[in-house]
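*Asks:* The primary structure of each chain is shown beneath.
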Amino acid sequence: MLEPVWWILAVLVYFIFPKHLAIASSILIMAMFAMSFDVVLGFAGILTLGNAVFFGVGAYAAAWIAIGGWHEAITGAFAAGVGSALLAGALGPFVLRLTGLPLIMVTLGIGVIFYEAANKTAWLTGGDDGLSNIPLAPLLGWFRWSLSGGTAYLYALCWLGVLFLLSRRIMASPFGVALQGIRENADRMRLIGTPVLRYLVVSYVISAFIAGAAGALWTQTNAFVGLGVFSLDTALDGLVMLALGGIGGLYGGLIGAPVYMLVKHFSQEWNPYYWMFLIGGLLIVVVRVGRGGIMGIFRRLLSRRPVAS
Amino acid sequence: MSVVAFILLYGVSYGLVLCLISVGLVVTMGLMRVINLAHGAFAAIGGYIAIGLMTHVGLPFAAAVVAAVAFVAVLSLASEKVLFVHLYGAPELDQVLMTIGVNFVVVAALTLCFGPDVYPIRLPPWLSGSVDLGFRTFEVYRIVTMAVCLVVIGLLWVAFDRTNLGARLRAAVDNRGMAQATGINVPRLFSLTFATGGGLAALGGAIGAPMLPLEPTYPFKYLVLVLVVVALSGFGNVRAVVGVSIFVGIVDTAGRFFLPDLGAFIIYVLLIVLMIWRRQGLFAARVAT
Amino acid sequence: MKKIPGRFVAAMALSVLAASFQLARAEETVKIGIVGPFSGPFATTGTGFRQGLEAYIAQHGTEIGGRKVQLIYRDSETGSSDPSVAKRLAQELVVSDNVALLGGFMLTPEAAAAAPVANEAKTPLLLFNAATPALLGMSPYYIRMGQNIAQPAELGATWARQLGKSRGYTATADYAPGHIVEEAFAAKFTAEGGKMVGKDRIPLKTVDFAPFAERIANANPDVLEVFITPGAPAVGFIKALAARGLTKKILIIGQGEAEDNDLHLYDDSVIGFHSIIYLSAALDNPENNALKTVLHQKFGPGASPSAFTIGAYDGLHIMYKMIESQAGKPFDGAAAIKAVIGYSWKSPRGPVTIAPNRELVQNFYVREVERKDGKLQNVVIKTFEQVQPPASAK
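Residue numbers (our numbering), protein chains in the order written: chain H, 1 to 309; chain Z, 310 to 598; chain D, 599 to 992.
Simulated from the structure, these hints should not be mistaken for lab results.
The model shown is predicted, which means the values in this text are computed figures rather than measured ones.
Do not rely on the hints blindly, as some may be mistaken.
[As the list claims (entries may be wrong)] Derived lysine to any residue pairs resembling SDA-like cross-links, with alpha carbons at most 25 Å apart:
{"no.": "1", "chain 1": "H", "residue 1": "Lys120", "chain 2": "Z", "residue 2": "Asp570"}
{"no.": "2", "chain 1": "D", "residue 1": "Lys919", "chain 2": "D", "residue 2": "Tyr671"}
{"no.": "3", "chain 1": "Z", "residue 1": "Lys530", "chain 2": "Z", "residue 2": "Phe444"}
{"no.": "4", "chain 1": "H", "residue 1": "Lys264", "chain 2": "Z", "residue 2": "Ile493"}
{"no.": "5", "chain 1": "Z", "residue 1": "Lys530", "chain 2": "H", "residue 2": "Pro174"}
{"no.": "6", "chain 1": "H", "residue 1": "Lys264", "chain 2": "Z", "residue 2": "Asp570"}
{"no.": "7", "chain 1": "D", "residue 1": "Lys797", "chain 2": "Z", "residue 2": "Leu421"}
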């Protein structure tokens, strides 16, 4: 279908915009972050504002791994992702018993606590200054991390591709279908014997791994990590990007991230506050016309049939 | 002794302002089941308009506040009919997203109209200065604020408990279907409640402005605090809001006083523990799920 | 075939030669990248940068050392707490726009994030205002145009002791620069015979400062060193101190909390507030007066030289010096930096010299907020001349 188009475009960007690969890498990483939201929100229906916690933990873990002496990037990012996943496994059984506003509040609260803790433990996190000059060995022993960001871009793109395929596999499996069932009606799923809490925790863990890996990539491509990775802004950004692109279906984040970041980037040139108007307006419109987001609009245009939202 | 006095006086005055801002949201969420993350926007708009009228048009403080409250009440009514009515019965995610969108738009509008800095307030002479209570001094402004809050909340309480309107509201919160079946005009009740909630938030934002400074990001900044009060009160539980707000005000103030390094943490840890332990709120709510 | 007249050929040759000279001259442009917060909550800093740079250009033109200077501005979106934007912008400026020099970088994390870029591209980067001591150690291409945050704190302690104050208290914002102020003040104060009776770290997001004012009142100090982010937090804090009666009882020393540009946000509770900083809009020297004239002409009577304006103004001056030092040869970052070490000049802030460790030797002024001619202003009451910077970055 139209699927390969996104990936072909992504590869073409490397050749067409060689001088803008820094922002392109940021977009890929935010797309990955938004995708992690999709797993937990789009499929499992868990309304969490706390995925920035896993992003942040992954980011700092990758920094510590590199500063601590392990300079290999790929395994470093993987380990960081695992770290976030473990955290999710520990928090999940408690947090996921809640739904609705209490769930939002608790995930928000956890996010704020991590932010403040990171701020306080400056000896560990560099505090407000962050951790900089993070040393990384050339990728696969051969590709140097160039100033132009080419290596970083392709690295992020590969990670995104692999995680995307994995996520799709998982979501298409019986487990994934069960998650969607839980999203639609958890009680009924319980009645037919699905271990709801356990499945929710597993989806939470998977989402945390993706978010953590995205955070690790962030640190690695920037050679820097700061407190902003834990901020509420970051969490909201991820959610908004996903909503703009379309929730569920895994492509939402991949479409929403470039749209959001490019709108932000360009509208800042004419007027610094217009981007908030635009994004706010877009969000309101997106919710009004149905959850499909931009992807939904495409689908409707392509099938030329009115789709009930 | 003076420490206790400080914490009580400051914590209570802070908590009462929070109460005014939050009570509207408690009722809205209880009645309409809408997670309105943009509620703080009403408080911000109310505050800005009141201070703006006072500073640029020269209205006396009291008149400016009344004008701001009236304006925001009308604005709430209008926005309810145009935007929020679509959120009734919608999935929570939609509500969260749409109201975040509204927040963005409001923050952008406030920045464009009033600039990105904190909005300076010059209190009128009758509100400035401190009064000597014998064991310590206390700002006149905080005393007046507490008095106004108590009066307004008292009126609300009476309205909620003793009037027909209050009874209808309580019925609709408890069981909307049944209420509608008995002939209560629920949509009209929704609009009225929303407008009142918005107006109250505006009042809180306006008289609370010296305590909670007005900046364009106000809706986001105090969002979490307001949600804390709402979550701990339980939806629709108006009576609990006063107690919970004062509790939050005191815990926050005391936390900052005794453990300034960790002051920020305390309220959130408390929130998480309480949410997991008693998710219906501190006082068992009367809401039908 | 007609013979082409020799005069014609000569004339053609001469004009071609002349034209190529023009072309060669016109193509020699040096680009400078300026990264600052031109939008969002810190937009006033960005405005200060821009005003300082444009004022300098108005006075000195855009040509130096046989080259034309071109400034490229990029918005670091500082309000979104994402310092990697600044790094990305620095990268793009160097790779895509081929800048020879970088300037700006308001916040320490931004400057820290950009260090690898400066190092790899060997591009000098002038920090217009960032004050964290550790920054200069991150790159040999960094030069500081502002102050080292430990300096005013130490001078505050010295001055307080000179005035006979013996019970010290610090209230600083809870992030790295605040911690440095806290330590520097306490160390100096106790070294000179004073006693510290307390210290508070105020979380950055605080809006209600009453508890802190209460704590300070209970400890009963006679001097309070503050370091709070300017804007809403500073205003709120000073109001809380005033409400508790502390502004009348204690000597309060700060840094940039009550700059002239911000005084309109305060009420009379700020009168008597002292600050120690490396510049003052009220200074009466030829350079400062000239700068003020240009600012008023270009930006209206409200424009005033803030720390950001002067940091950018002096920064561009040093950049011009660097370009001049490389006249006639390709621009070499490391050589340019060597050329300006030890350079002294008269800046609007007073006489300044660049020390070997790339910090500045400059005056520090003690100012007090007074109501003069009906409005609040900072008045200089004492000058610490030519203060040596701290020996090495911490």
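*Asks:* Tell me, which hint numbers fail for this structure?
*Replies:* Hints 3, 4, 5, 6 and 7 contradicted; others consistent.
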